[in-house]
Structures are given as C-alpha cells and as structure tokens.
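J.: Residues per chain are reported as follows:
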Amino acid sequence: MKHILKKMMKPGDWLVIGLVSILFIWSLIHYSRRKNGDMVIVYRFNKNIYELSLQKDQILNFQGLTGDMQLSIKNNQAWISESSCPNKICIHMGKIKTSGQTIICLPNRILITIKSRNALLYDGITQ
Amino acid sequence: MQTNKKLISLSLLIAMGSILFTVESLIQFPFFWFRIGIANCMTILALKWWGLKEGLIVSVFRVILGSLLSGRFFSPLFVMAMSGGIASTLAMRLLMIVSKTFIGPIGVSIFGAVIKNMIQISISYLTYIRTIEIFYILPILILMSLFTGLCIGFLTILIDAKLYSSRILSEYL
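Sequence order for the protein chains is U and F.
For the first sequence, the numbering used here assigns the number -17 to the initial residue and increments by one for each residue that follows.
For the second sequence, the numbering used here assigns the number 85 to the initial residue and increments by one for each residue that follows.
Next comes chain F alone, as it looks inside the complex:
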C-alpha cells in the first residue's frame, strides 16, 4: 500500500538522520554550537522526493530522536538544532520551489547550512549568550557552512544516484 511504503521510507530517513546526528555530535569544535550537519542530507532527500511536509517531519523528528539518543534532550543543543532545523527546512523548500531545475542539491544544501547556522547563532544570542559581541564569529561561521554545505550536497547527490541505480528507490517511492 502506498502510505505504508512512505511510512517505511520516512522512518528510515529519520533513523539514519538521528544516528548521523548523534555520531557527529561526538566531534567537538572550538565553538560548541557548530555542527557539520551530515544529517541534513536526509532532510534534503525528503524534500526532494516528496515535499515540505515530509521534509519537516524528517527534520523535527530527527532532532528529537537524535537529542534523546545523545542524552541532550531539551539542552541548549536541542533548542538551537530544532530552531535552526525548522528554519533551514522551510528556506530550502522555498529555494526548491522557486527554481527546481536551476538549482541542484548542492546549492540547496549550502543555502540551508548558511540559514541554519545564522538562525542558530541568533537564537543563542537571544536566549543564552546575550552579548552582541557573539556576532563577531559570523564570518567564520558563513565560511564553514559554505564548505560543509558543499560536502553534504555532494553526499546527497551520491546517495540519490546510488539509490536510483540499484533500483531500491522505485520500490520505496
């Protein structure tokens, strides 16, 4: 049945996203709120295959499940990841609607990563840090999100191509 297949594939995306989120949160950066965001590729795939609702589902539940797994539920990490994730999902879907044939997963991924990091730092300014000097790291943040967005975009293309070539995808969509 069609809805069953969609349920299975959504669950798989959420599960993989949560595991990626948990594993990569073990990698610590000097600024604690910065993540490589590998799990974003699951969100981009969901946005690409179905639409906004499925993308939001994957994004929100990935953050919840990932935070539960890594023991950081309702911590600052959770709040910032949730807000950044929702905002970046909406922004990415907007970009996809505006130019579907023009922009591939790489551009979408870079855009999403930049939006996500800017929202994260703004939320942390409003709630936790509260000094205007935190925005001094914005240039480095934008540069790093450019590079990570590039890598995650490549990853998304590779996953997509692999699934198409082995014809697993046609069973699940």
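Isolated chain U, as found in the complex:
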C-alpha cells in the first residue's frame, strides 16, 4: 500500500503540498489577529442610535430603557462606566476594542459593538 503511495506522488506534488501548507499557516497567523475597530455603534431595541469614532476620547451619556447610561471611550477602548440597570453586568463586561466585540445590557435593551470601516458597507442583509 505504501509502495503504491510512493509511486503515485511526483516530486512536484510535494512542492505543491508544502506551498499550500505554508499558505495555510500564514493565513492562520494573519487572520488570528483581529482588526482594531474604527467605530463604536450603540443599538437600542436593535436600532442604531449612536455611531462614534473609537479614536476620539469621549464620554457619551444616553438613555437606556431603565434610565441613564454612560459610555466612555479612551485609548481606543470603549466601556460602560455608569448604568442604571440593577445587576451592572454590562459594566463588568469590561472594555472592548477589536471589531466584532460586543457589550450588552439586557434590561436597558442596549448593545454596543465595534465595527471596522470596511464592514460598514452593510450592517446586514435580510432576505
């Protein structure tokens, strides 16, 4: 069986396998580094209410369902600094900075996410 295997493979085949493996490892390294985001987007009831830049240090006070909330942006990171929700889970979710990460406050129906510029072409497509 191994004899037949050796006979089927030509030297160029091993070259192709080697190149594709290198390509695989490269793509693994390249795509495990998540992109740093550009924009912070705040959704209330799944509706886009605020779009802020992640680069600019700022504090945003806005309304959730249960009361006031405060979003802080500093050093390319965003987090919730104050919230009127009972459990304060959203504050303990910590800081987000790479695209795709989210902070959710369920009582306030708030979702905060980071998007990179390319992904802002469409938020989603419904069919």
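None of these hints come from the bench; they were simulated from the model.
All values reported here derive from a predicted model rather than from experimental measurement.
Quick reminder that beta carbons are idealized off the backbone N, C-alpha and C, glycines included.
Do not take every clue at face value.
Unchecked claim - Label pairs and their calculated CB-CB ranges:
id	chain 1	residue 1	chain 2	residue 2	range
1	U	N30	F	L178	43 to 49 Å
2	F	L178	U	H12	22 to 28 Å
3	F	L178	U	G82	57 to 63 Å
To be verified - Partial pick of chain U residues on the chain F-facing surface, computed with a CB cut under 8 Å:
id	residue
4	M(-9)
5	K(-8)
6	P(-7)
7	G(-6)
8	V(-2)
9	V2
10	I4
11	S9
12	L10
13	Y13
14	I31
15	L34
16	W61
Chain U is already provided as a structure; the job is to place chain F on it using the hints.
T.: Here is chain F on its own, set in the frame of chain U:
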C-alpha cells in the same frame, strides 16, 4: 471518425461530472458554499487528455448541467461554482503547462481546489456577503481544500490507470 469519438468522450465526462456535482451537493457542510468537489476529477482528466479548451468545456457545461439537475440554476451556488470552476481550470492548465512531467494529478488537483475555494469566497464577498469578516474562515478553507484535493487527485490517478489497463481509453482518444 476522430471528432465523433472526442464528442462522445467529452459528453461522458460532462455527464459524469454533472451527476457527481448533483449527488455531492446533497451533503451539507456548516459553511454552505463549501463542496468536496468530486466532479473536479473529470475536469482534470479532460485537461490531461486533451487541453485547455476541452477542460473549459467540461468545467462550464458540468456546472450548467449540474445546476439544472439539482434545481439551483442561477442561484448563488451556480454563480460561485461557475466562477470558481473557470478560474481553477485556467490555473490548473497553467500549472500543467509549466511543469508537465514534474507535477502529477495530485498536485494539480490540490492547486485547483485551493484556487477554486479562494475564488469562490472572494466572489461571495463581492456579491452576497459584503463584510470583510468572512475572510476569517480562509485558514480552515485552505486546510480542507488541501485534503480534498489530495483525495480527488488519488481518485483521478485511479480512474486514469483503470481506463488505461482495460484499454477502453485507446478507443476513445
């Protein structure tokens, strides 16, 4: 007559490719656009026995016929399979021209599978999905196309050897 034999054998390859395409599209993967691509072996055989034109004929018509059979004509599957198929056929023929004695069907098949999947995902990025995050599945895609290309290459060698040994091939070429 020579052209008649070529017509018959091309039709056989296209027919078998379409059936393989239809049958394997019943196997669903988590990512919907990924196929094992068993029908690629027909394209590789056509490229090996004749040349670029015949390979393109088999590839294009296999996608058309297979899509008609499985009821997915002009669906996203059709668009992506067509674009990936044409691109991979051209790439495989290029590889064969560059090093005919150096690389056997296995290397050609792996190369074609990788090119095909990368083109498919790029086309789906440009037309359907439109978020850059889709490229995060590229590593897994490359790995799977490496393995499937290996298997389909073996399959191609086996088919080729079988046809040569039973001398059916000499009648049809």
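J.: Check each numbered hint against the structure and report the violated ones by number, ascending.
T.: 3, 10, 14, 15 and 16
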